[in-house]
Each structure stands twice: as structure tokens, then as C-alpha cells.
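Could you slot chains B, C and D onto chain A? The hints should help.
Protein chains: 4
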Amino acid sequence: MARFTIYRGFLSMRRHSGSVAILVIACLAVVSEAQTRREIRFPDLPGQRTLKCDFHTHTAFSDGDVWPHVRINEAWREGLDVIAITDHIEYRPHKNDINADHNRPYEIAAARAKELNILVIKGTEITRDTPPGHFNALFLEDINPLDTKDFYEVFNRATAQKAFITWNHPSWLGVERGKWGEAQTRLFEAKQLHAVEICNGDEYYPDGHQSAIERGLPVLGCSDVHRPLSDRPATATEHRTMTLVFAKERSLPAVREALFAGRTVAWYKNQLIGPENLLAPMLAACVEIRPPHHQNKDSAWVEIRNLCELDLTLELGPAGSITRANIPAGATNVVRLSVKALSADGSIACKASNFITAPNTVLQTRLMIATPKPAPTTSPAGI
Amino acid sequence: MARFTIYRGFLSMRRHSGSVAILVIACLAVVSEAQTRREIRFPDLPGQRTLKCDFHTHTAFSDGDVWPHVRINEAWREGLDVIAITDHIEYRPHKNDINADHNRPYEIAAARAKELNILVIKGTEITRDTPPGHFNALFLEDINPLDTKDFYEVFNRATAQKAFITWNHPSWLGVERGKWGEAQTRLFEAKQLHAVEICNGDEYYPDGHQSAIERGLPVLGCSDVHRPLSDRPATATEHRTMTLVFAKERSLPAVREALFAGRTVAWYKNQLIGPENLLAPMLAACVEIRPPHHQNKDSAWVEIRNLCELDLTLELGPAGSITRANIPAGATNVVRLSVKALSADGSIACKASNFITAPNTVLQTRLMIATPKPAPTTSPAGI
Amino acid sequence: MARFTIYRGFLSMRRHSGSVAILVIACLAVVSEAQTRREIRFPDLPGQRTLKCDFHTHTAFSDGDVWPHVRINEAWREGLDVIAITDHIEYRPHKNDINADHNRPYEIAAARAKELNILVIKGTEITRDTPPGHFNALFLEDINPLDTKDFYEVFNRATAQKAFITWNHPSWLGVERGKWGEAQTRLFEAKQLHAVEICNGDEYYPDGHQSAIERGLPVLGCSDVHRPLSDRPATATEHRTMTLVFAKERSLPAVREALFAGRTVAWYKNQLIGPENLLAPMLAACVEIRPPHHQNKDSAWVEIRNLCELDLTLELGPAGSITRANIPAGATNVVRLSVKALSADGSIACKASNFITAPNTVLQTRLMIATPKPAPTTSPAGI
Amino acid sequence: MARFTIYRGFLSMRRHSGSVAILVIACLAVVSEAQTRREIRFPDLPGQRTLKCDFHTHTAFSDGDVWPHVRINEAWREGLDVIAITDHIEYRPHKNDINADHNRPYEIAAARAKELNILVIKGTEITRDTPPGHFNALFLEDINPLDTKDFYEVFNRATAQKAFITWNHPSWLGVERGKWGEAQTRLFEAKQLHAVEICNGDEYYPDGHQSAIERGLPVLGCSDVHRPLSDRPATATEHRTMTLVFAKERSLPAVREALFAGRTVAWYKNQLIGPENLLAPMLAACVEIRPPHHQNKDSAWVEIRNLCELDLTLELGPAGSITRANIPAGATNVVRLSVKALSADGSIACKASNFITAPNTVLQTRLMIATPKPAPTTSPAGI
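Taken in order, these protein sequences are the chains called A, B, C and D.
For reference, each letter of the first sequence is one residue, going 115 to 497 in this note's numbering.
For reference, each letter of the second sequence is one residue, going 115 to 497 in this note's numbering.
For reference, each letter of the third sequence is one residue, going 115 to 497 in this note's numbering.
For reference, each letter of the fourth sequence is one residue, going 115 to 497 in this note's numbering.
Hint data in this document are derived by calculation from the structure and do not stem from the laboratory.
One or more hints might be untrue.
Remember, identical chains collapse to one label, so a pair may be satisfied in a single copy or spanning two.
The list that follows gives simulated cross-link-like pairs (lysine-lysine, BS3-like), each with its CA atoms no further than 27 angstroms apart [said to hold, decoys possible]:
{"hint": "1", "residue 1": "Lys362", "residue 2": "Lys305"}
{"hint": "2", "residue 1": "Lys362", "residue 2": "Lys454"}
{"hint": "3", "residue 1": "Lys465", "residue 2": "Lys263"}
{"hint": "4", "residue 1": "Lys411", "residue 2": "Lys383"}
{"hint": "5", "residue 1": "Lys454", "residue 2": "Lys487"}
{"hint": "6", "residue 1": "Lys411", "residue 2": "Lys228"}
{"hint": "7", "residue 1": "Lys465", "residue 2": "Lys209"}
{"hint": "8", "residue 1": "Lys305", "residue 2": "Lys383"}
{"hint": "9", "residue 1": "Lys465", "residue 2": "Lys454"}
{"hint": "10", "residue 1": "Lys487", "residue 2": "Lys293"}
Quick caveat: nothing in here was measured; it's all calculated off a predicted structure.
So that you can see chain A by itself, here it is in the shape it has in the complex:
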């Protein structure tokens, strides 16, 4: 695929022309060729869809670099299901050039989202000094009423619209200024603070993570993107920071329900960060250990397949007989295990360095050896 089809892209449509017929033809060709999506490989959990979500993005309507529909094009290309447009209310450096109310960037994005089947959330960033810091209000009906100077009144008005409210990048200006403070406590007690953005772009905030754990708040990873996003293929370590939401279906109401129910995990660099009750089934869904195909009295050779986007680092087996396996995203390794690692019930002790349940704490669990499945009896295509 051409790197510079972007020139062709929607170019023709945008050049002024008297010929509507030509525009329609060009458009047909364009949609088919230019909009290629790479799915993000994190498996669904039993009974739930794993939706890939970014709840924090900016456009030229505040201090971002792009027109709002670009955020939809990027989301599609990168395999996301959901994004929120969250331009600042208070910080709009282009306001002398751009004339629009606070809902306008959402409107532009939503028109494009319909074509590309992206779910888009109307949101905004409430932007104050740190502390208390920045907050996102998501699922708003109308952003304009939030443009007021009274800090707590903003949250009352957001709550009146049943917004989901997040505390953004707690320690972005240092740990001292990023502590859970009086404002956070007051909002939390008023049920006006619903999640903590523990990963923002290429930063992770252990203190914010600890605060979330202590209060039972869901954790989010977000891009907070301002510039045009890279179109290089994402890798396990270089990808958009985002949130996996385990939703009952692919719809905005289901995303909202899952957020309020706390079914979220942050995907940050080469890690999934979240509660053990979500990470343990996710690890089980990501790793397929096949029965040994070769064995001697000491060792068993097994194929282990990594079904997700992390470059997995696993320690397999009981203390004293551990084999370390580094399995790149989507790859399969042959791993030589000690026969002591194979227990009678078909399970193997596993420590997964990429699965983070709390600051400095990795998931320890047991994985089952897979039962072989027969070849499918019907074609595998299907949604």
C-alpha cells in the first residue's frame, strides 16, 4: 500500500471542481483504498467485547494541530473502537482564528465517525492550575454550560448531564503537585470523580494508580494527543496509550455501563495495568500453551502462542525449575520446560511481567495447557 496515497486520499474531493459526477466517482475509489485499519489483537473475554478506547484527545479547536475529523481517521486506522474529543474549555490558543462553540469539534468528528464506524464521545477537558489539575467530563449533551469560572459548579453541571468524570495525568507537573488533594476528596465524596487517568501518553503515575486502587476507581490510559498521530505500524512498545473496556456490546451505552462498573485496563507501552480480576482472564485468553510435542526425562518441548499485542515475558514453572519465555506479539515460541513444570491438572505456574496489578506488582497465576481443537467444520469468517 502506498505511503503517499494520502496525497490522493481525499484530495480530489477537496479540490474545487464544477463536476459533481467526478467527485462521486473519486469518492468511491477513495473510501475503498485509503482507509485501511489494523485491528488491535486483544481477545474478548467470556461474554464481553474488548473495546479499544481513547478518552482524551485534542483538535485545532483547542491546542491540537488537526481538524477534528482527522482524529476519526486515525482511530480507524489504528484499530480503535471509541474515542472522545476533549478539547480544553479554558485553553484555546487559536481562538482568534477559530470561531465556534465548544460542541463544534465533536460535530465535525461525528459526521466522519458515521462512515468509519467509530463510536465518538462528546467530552471536554476542565483545565485548571495544578493542583487541583485537569479533568475530563465525558458523555456530555452540551459542553457550553461548563464554561464557567466556578470550579465546583463545573462538576455540578457535568453531573447534571450524567457525565463520567476523570482526573487527568495526576503527576504531570511532579509528584508533589500531583497528590490526591482536597478537591479530589470533595469530588469523590460527591460522586463527581469516577476514574483516574494513570497513563497519559508516555507517562505512568504510580501515585495516581495507588490512589485509584485505594478508592476502587477504575484506571484509564489515554493518549492526550495534540499532534497528528504517527502512521507507522504500532509495536508492542510504541503504540497509542489507551484503555481496554470490557463491554457487553460495541455501543456507547455499553461503554458507559462498563466504565461506571469499573471494567477497564490501561494499555501502556508493553504492559496491561489494571485489577487482577480482569488481568487474570485476559492473560488466559492471550496465551495458548499446546501439549508437549517432544519430551525426554528432564524436559518437555511445548509451543506457546501469544495472541495479543504485548511482547510477553513469562516465567513458567515452579520455583527452582523456571523457564523464562519472551514471546513477541502475535508469535509462537517453542519453549523447553522442565518436566516439573507440568502438573497433573494440566496447569502451569506463570508469572507475567507485563501484567501489572498495582505499582511494582505483577500478576502471578496458573495457565492451563490447551486442549486440541478439531479443524473447523465451517468457514472461519464471521464477526
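Using the frame of chain A, we list chains B, C and D on its own:
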């Protein structure tokens, strides 16, 4: 993963050392880290496994560049299931340095194959002037008896071992010298010629393809590799030329059964080449067309997912209302179809430029719009 | 380098904060880390700098997708020296949201250009039905006076400002509508048409090229970019379409002088397109043929180094003894030449498929074998 | 360029054929197309060539995986000037299959080296328990006399041939077993130990480095490659570990002279490791700092170009006013310096994290701002 772990790789094991304990530890680490496999994404067909096979490779024992176990490492890394070692009987430029009978390269390869779960076939290349050309005998018990000057006697001895015999790279020295000739006819009539290698490395032989079609012989694609193989990630256009075999299970007897039954397709550059009765279900398994997510009176926007390794080029819809979709391997496009493309029975007319049923002939078929499936009720891992 | 430093990028600066001190520190770090440039390797010609220029770009102020400073960031990253901002006067789909006069996108871009040492030209695109089509006016003082409906008056006003005027993408709506017409003749005769954009994005217009040759007009290649540009490393075949300008120094007056003097070549896909008197010395500067390092009575082995961004395809030697060499950008090949290719004067006949002097015409010339140079006596760093 | 031209590669030549004419033609095409080299960008120093050398490689004749000419193909492809073939004398796991004396792998390699202009050294690895460990003897006339059990006698015989002798991978079996011991002392005092391989594949040995510094021995980086080498493009962090030798010319005698004179630096991952008197001029040659192109009262914006293969990490300026610059290999950054960094003499304080003069010690030096050079008056091609 480090590009140069190959230095570490099996290095430690190969340095001379008095310490067996150290060797064992090193070995454990090595197998886990160095042997990463990328699965080749061609879906199984109903009731059959799609095995990825290369029936033509060389080692230093004839005119190749590598020790035989390297061919197994490469096969594992590249996602193959089956390879044949087919060193020349008659052409062995290293024979002053290497002292061994004709079975030796297979033996070395087979020892490694056990660890990496690769199925390896004992074979050889019968190497004569062109015409009559070169032939592979596969599934031999003992290659040594085939080392005789009488051309037809070689085939008798191969057949006595129930070999599967292929005619290799028909036109590699030009179309004139590569014609189906008297030798081919005599062997075919004696049931001593079972397939035609229509693709060899980066060459495709339309005449050989036509010869195979006319006589109902299965077609093969093979690498005929002599040099060490590239370890760059394969792409739709740059990959090992190989054969997809549709076998009842992943075993050598099943491969043999499928070969004699003619269930093969060549994967050559960005094409699958084979008979329509195999290519049509393969296309159906590779393409997932989702129900429209957006529609107006003229157009319907649908997501189409490409589940295979080809960069697909599809023409969708009836004459006069065709949309062309270029969907890279493993990617999803939004395609804007004419509403006229959507028929009442949920099928769409499709011309697939990458699926070649005969020289200059591409597959035309109908594809069904997929029925949405619910989220899985159990973990997706499994073989 | 991190793919997603873009999140960090200028992010911190753009978040609202009360702390000026922190902003300054963040800014220092950001400029150092985020703005990496890949130089474009086309050698200078004797006495002249080879400047890499894009004379046709759009921003959100007309129908582009990005804020104007993004075009400067992209130009720096991609190794350009010069860009023109050329938003449409007549076609501004965001005009209900953006309130600004026609000079505003240039002003925003110019502020950023100072920091990144990019030369930026104030320009505009005159956008009419085709025919007569679209034209760029470059090096304007004030764009606003050109916002008038009288077609020829626009050119008078541009000429009054000493603009350099180009005819854009002649056949973008088909060969018939893209012919050199009455308007072109009238402008040309009035000395109000100075160049033809023969390459635009991924299109090349042979008819436009022929028109330029016949009238002695310089040729341009431009991106006409609307979307955010890819940040993937450019390759010989996938790069921004641009113009090489051979200027006496790296300054806007020197660019202007070179344009009016016709010292331009278009770099389009894997080709340089321009007049022979420029292409011949450019080829000589791009190819270094070393003296044979090994020879027998028939053949000579020589190293040939490709010093430019094209994947070169050369045919070397006299008729009947030609060796074809495919030398990737920046690489060196060992080429085995016939001894007949080595003439007494140290020159070798060469046909260069990538150097296009006219539609369907490639450069044929002679290249000299290089004289070895001693190791440098001083450090090679220097501008 | 096709990834799988390797199939074509020398394939045709190796298939048995009666037609010599065809072989010659195939061969001509092959040499031209298949053998592409990427030069390694480390600049020459004043009066010296920077030769890229690997003094430690294996082939199938000991415990390597490839036929010896493959090491030459790899060296050419990767941009090396010099390699040594150093198969083990004592450890030859393929000896039941391969029948040859110890000089044979060199002979095979040397025939290929002539065509590809690679300098190849006849060497061997003396392979004993650790301690005393492994040693390479380089520049031998005849390896066979070294095949004797008496440890010290081997070195006498190597010295009789004027060999250059290296102590290999000191701590490869742990720091304890890798200490400088009695054997090293005895050899060193007898002038039979001339260098220490402080980097081997992906290992670095600080203790060995310290031993070399204390005794004034030159340091080497080597691959010790056994497997086929990757053909992926090398990066700053993933490349063949090698030695830069600063030689008076590109010849084996000059390499030998430079080795005995100690003019070597190891290139290991993203670092150059060696003595300060070599690293300081190398850094000066690698970094081009241009005069500020933009300035205000606090800051100066300068372009800094990285002319080498390291991703440089520089700290520029005096204490309290340091700017950190991460400049990828071959790239240019705009760096915003404090005006305090600009001293009257045009030099800037610089700490270069990639230049290692001793374990845990990085180079600190001053770099000069470059003086602009005029455009060249002659074509830049030349050796």
C-alpha cells in the same frame, strides 16, 4: 526481540566447554528466547487443515550454503509445517570436503525437526540435462539406490519406495527447453509423475501450469532455496514460495494423502494459484464482509476484513456498479458499495485478482455477508 | 527514537499551566528531542546547492487538515529546505469556523519556520474550473488583493507583486480538460506563467511535461498535500513529490533566481525528471564507479556506489556487452562488467532508466571511473 | 529490491546444467543484482581509514552453520572491510561429515573475497577449558601446526608465524572464571597476547576491559557468529559487534600494523568503546554543529548533524545550562542551546554518553562549531 540474539542463539552450546551443567542451562534459555515463529495466516477449510509446505530445499550436502538443521530453523521461524530436504544426487560441488551418503542431510535435519515440531520429508532431486530436466522424489525410505545413471530406472526405484514425484521448474532454461516432452509423457503414463512445480522461487511457468491442468496433476510452489533464507518479516509480495496442502490432520501421512489426492495450491508472490474447487472456499474463508454500518439511498458502507496473507484486490458488485477494494494482508477496510451490489440473498459478486485458476484467469465467485457472532462464552485460546 | 514522543512533543507547552518556569524547561527538552530530520541525499552540483522544495501545500485555512505550523514540522522532519503555503483563495470549506485573511496561514507557518530553519514562501492557489484550471502564485507580499473574480486581473495583480506563477496538475481531471489552452497561451505571452507542475502527489502528466518542454518552461514536482503527512521513513518509491532547485545559496532570493532561470528538476517516485543539461551532471554526481578491484580476461569487477535517494537502474557498457545494475538508494553494488565496457579514457557508456529528459525518454550519457582520493587530512564534519 | 532474490541469487549457477553459456549469462546478472552493500557510516580520521572489521567468525568446518563463502557475502552486505575466519581447532562437531585440514575454510572464503573486495584473514580459535579460555591467532600462514595439545606450545607456533593473538570473551562463563589469570600473565609477558576481545556478540566484559586498559592492550569487538547472519537492516542498537581499526590504508598489512599499534575501538550496541585519544577525534568527526540560525537573549537554535551509526546522546553546555540532545544515526536535530553554552572560541562543552573510555566512564570533551563550507566546485563522487 534482538536482531542479533542469533549470536547468543545456540552459540554457547557450540563453544567447547568442560561444563555440562552450564550447557544445559544455556540451552534452556536459548530455546525459549531465540526461536520465534510467525504463523502464516491462511485459514483452514471446513474439515481440513491448511498446511504450509516447501517441497524443494538444498543444503551444503549438495550445492546449498547451510548445514541441514538450518532449514528446520528457518521453517519454524517462517511458520511452515512441512519441508522436504531434496539435495541433488548428481550435483554436489562440495563433495571433496563433505563425505556422506545421500540420506545424511535428512538425518541431521530430522533431529532438529523433532524439537521444533516440523514435519520433514526425506527427498532428493534427480538432476539431468533439460530436457528432460529436474525431478523431486519425496517420501523416500533410502535415497542411495536412486544414485544410478539410467534415467528411467531412477523412477522405477523411487516408485518402488512409493515416492511422490514432481517435475521441477519446467521452463527455468526457457520455454522451448521446458516443454512437456516424451520423458514427461512416459513417466506420467507409468504413474511416475505426480505433480508439477509451477512456481519456483521467483519464477512462475504458465506452460507448466497449463500442462498440469490438462492432465489433472496437482500444482506446487517451492522455494528451491540454496542460500540462507532472509529473516526479514515476510510480506504479501516477498515471502517464501510454497504450497498450501489441505490435509485431514497435521501429519506426514495426511500430507501424502492430500498430495496424491491433488489438494494443493501454490502461494506465489501475491497470488494463490490452483483449481477453482479449492480457491473458491479459500477465498470465502479469507474474506469477512460485515453487514453495512451506514447507508444512504445510493451507497452502503461496509467493513471488509482480510484474514489471509495476500494483499487482496477485489472487485465487488455487479457490472456497472463495481467497487474496487485493495485490502492489505490482515487488515480491514471500510468499502463504500453501491446499494446495487447488495442482493436479497446476502451475497455479493466478487472478482478476486489474486486467485488464479489457470494462466490469465482469475476467480469469479459470490461472497456472503457475514452473520454477526456473539462474544465468545469461553476463552479463545485453543489449538 | 520513540514513535510516540509526539504525545510528549509540544504537549507540555500546550497544556494550560500557571508555571512559566516549567514551560521553559519543558520547551528546551522538547526541541532537542522531538525534531529529528532526515537529510535528503541528492548531491550538490558544482557551484550550486541542491535545495529540496515543495511549492504546493494546504492547511486548515483552506481545505487542508492541519494547522499551518504542522507543514513546517513536516518539512523539517523530511529534510526539505523550502516550502510554500498555497491555500486556495476560492475554496475554503472551513470558513464558517475559521476567520482570517489570506495571509494568516503564512504568518503562523513563518513563526515556526524561524526556529527550524525552513525557508517559507507566501503563496496562494488560484482555483478555477478546469479549463483553465488551478495556478499557484508564489513570493507574494499580500495575498488579499488576489481575491477577485476577474480571472486575468488576478494574474495582473500577482505579477504586480513579481510573483512566480505555476500551472498546476494540468490533467488532473483527464487529458482532454488538461490541455494547454487559450488561457495558458495568453498568460504565457504576457509573461504571467513561469512553470508547469508536471508531477502532483502521485500523478505525472506527460502532456503537461511536453508543453513545458516546447515552451522552455521549468518543470515542478509538488505534493499538493492536504492531509497530515506520513512520518514513515521515505523510500525511493514512496516519498513526498518535490522539486530540486539548483540555487547559488540556501536563501529565498536564490530560490527565486533559480526558478526564473529554470534550474529545476522534479523528484517523482523513483525518477528525476528535467532537462538533460541538469540531469547529466546530477547523474555524474550521484554515481561513483571505482576502478576494478578484480579482473580476468572477460570481466572486471567494480564497486559502484549510489549517492542519491533513487534506487538506480543502470545499463552499463556498449551495445552487446551491457550489464544491468540495480543499486538501491545509498547502497554499493559489486558489478561484473564486460572488459569491453572499459574504454581507454576511463569512461563507461550508461543508460539511466530513472533519469527522464522527456516523456518516454531516458538519459544516455557516459560516466567516468572515479580517481581514488586519499584519506582526509582534516575532520570531515563541516557544512 | 526483492527480499527473495536470494532464491534466484546464485541458484541458477548451482543447478547442474550442460550449458556453460547459460551459466555465464546468469552469473553476470546475479553479481549485479544480488550483492548490495550498505556502507557503515563512521568517518575516517585525519590521515587514516576507518576500517570495519570482525576478527572472530565460524563456519560449518567447526561449529558454525554455513559454508565459508557465506561469511564473505555477509561481510560485503553489511559494509565490512575485513573479516577473519577463525574456526575452532579442537571443537569440530561436524568432523564425521566434513573432511578437511584447518586451512580449508579460509581457502573457500578467500576465493569469494576476491570478487567482493573483502580482506580476509586466515585465523583460528584455540579452544581450551575456561580458564585459561579461548584465544584467536590471526594472520597465520598455516593453521595445521597449531593442532597440538600442549597449551603454551600452540602460542609458540603461532608467534613463530607472527600471529596477532587475542584473548576471547573473558567472562563468557562468569566473572570468576573469566579473570585475568596465570596463563594470561605468562602469555602477555612472552609477548604472545596482543589484544582483549572485550565485546563478543551481545556481551560486554567490564573486567576484561579493565585488564586491557591496565596493560595497554588494544580492545576488540567481534561477532563470534555461528549462525547465518540476519539480513535485516542494521540499526544503532542491533548490528554486528565489530572493531573499528584506524589504518593507514585499506590493506591487510595496514590492518596488522594498526592492530599491533593499538588503533582499535569496539562498536558494541549503541556505543564506541576505546581509549580517549581515539574516541575524542572520532566524536569530533561524527558531530557537525552548525552556527546558530536563530537566537534570542536566552537561547540559540542550532542544527546538529550526526554523521555516524550511533544514536547519539549528548549533553551540551556548561554545568547548570546543559541541553540534552538525542540525535538518531545519520539524522539532524535542531537543538535549543542556552546562550551560555556558546563560548568565545566557538567550542561547546560536550559529554557523550555513547563514547566509553573505561568501564562506567564516558567521554567529556569540547566540540567546535563548524565553519560553513561553500558548495563544491567539482562533482562530489570519488573514493
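Results of checking the hints against the structure:
1. Lys362 x Lys305: Result: close within a single copy only, 24 angstroms intra versus 59 angstroms inter.
2. Lys362 x Lys454: neither (40 angstroms within a copy, 34 angstroms between copies)
3. Lys465 x Lys263: Neither way: Lys465 and Lys263 sit 49 angstroms apart in one copy and 48 angstroms across, limit 27 angstroms.
4. Lys411 x Lys383: neither (39 angstroms within a copy, 39 angstroms between copies)
5. Lys454 x Lys487: This pair counts as within: shortest intra-copy Cα distance 26 angstroms, inter-copy 40 angstroms.
6. Lys411 x Lys228: Close across copies (15 angstroms), not inside one copy (60 angstroms); limit 27 angstroms.
7. Lys465 x Lys209: neither (51 angstroms within a copy, 43 angstroms between copies)
8. Lys305 x Lys383: neither (31 angstroms within a copy, 52 angstroms between copies)
9. Lys465 x Lys454: within (16 angstroms within a copy, 51 angstroms between copies)
10. Lys487 x Lys293: neither (51 angstroms within a copy, 45 angstroms between copies)
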